[in-house]
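Asks: Sequence:
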Amino acid sequence: MSINLSSSDLIGYVIELEQFEATTLEQKVIEKAMQASFVNNSDSANNLYKLSWIKEITQHAEDAFKLEAVVDGEDLKVTIANFNQLVERRDKKVNEILDLLAKRVIDAAPLYKG
14 MSINLSSSDL IGYVIELEQF EATTLEQKVI EKAMQASFVN NSDSANNLYK LSWIKEITQH
74 AEDAFKLEAV VDGEDLKVTI ANFNQLVERR DKKVNEILDL LAKRVIDAAP LYKG
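If you're matching positions, the sequence shown starts at 14 in our numbering and goes up one per residue.
Simulated from the structure, these hints should not be mistaken for lab results. Note that the coordinates shown come from a computational prediction; the quantities given were computed from them, not determined experimentally. Treat the hints loosely; a few may be bogus.
Said to hold, decoys possible - In silico DSS-like links for lysine-lysine, alpha-carbon gap of 30 Å or less:
no., residue 1, residue 2
1, Lys79, Lys116
2, Lys126, Lys105
3, Lys41, Lys106
4, Lys79, Lys105
5, Lys106, Lys68
6, Lys116, Lys63
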């Protein structure tokens, strides 16, 4: 497949690709958790515990995603043709992990005693 791109478009893709490859799934999940004010940049014990927990859950999720990719026979190589699809896929994974975290937080809530 041949794609004709201008130099500026090609440079734009290279910059986006570098940003994509330099940012991990864990970083994106933590970024979203910070946007939700679930965690912050403090060194408090509670915040560090939450960050550690997010990292552990994210690592388990990444392992599961890799196993699913093998089962599904997905090609994980980044190309210009599939770059946008991979970005969307990563965003979906971030949202799935955040959803899992939210469910675990709700499950951990103490029961109401009336």
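Asks: Could you run down the list of hints and mark each one as holding or not?
Replies: Hints, verified against the model:
1. Lys79 - Lys116: holds, 22 Å
2. Lys126 - Lys105: Violated: Lys126 and Lys105 sit about 37 Å apart, past 30 Å.
3. Lys41 - Lys106: holds, 10 Å
4. Lys79 - Lys105: holds, 14 Å
5. Lys106 - Lys68: holds, 14 Å
6. Lys116 - Lys63: holds, 14 Å
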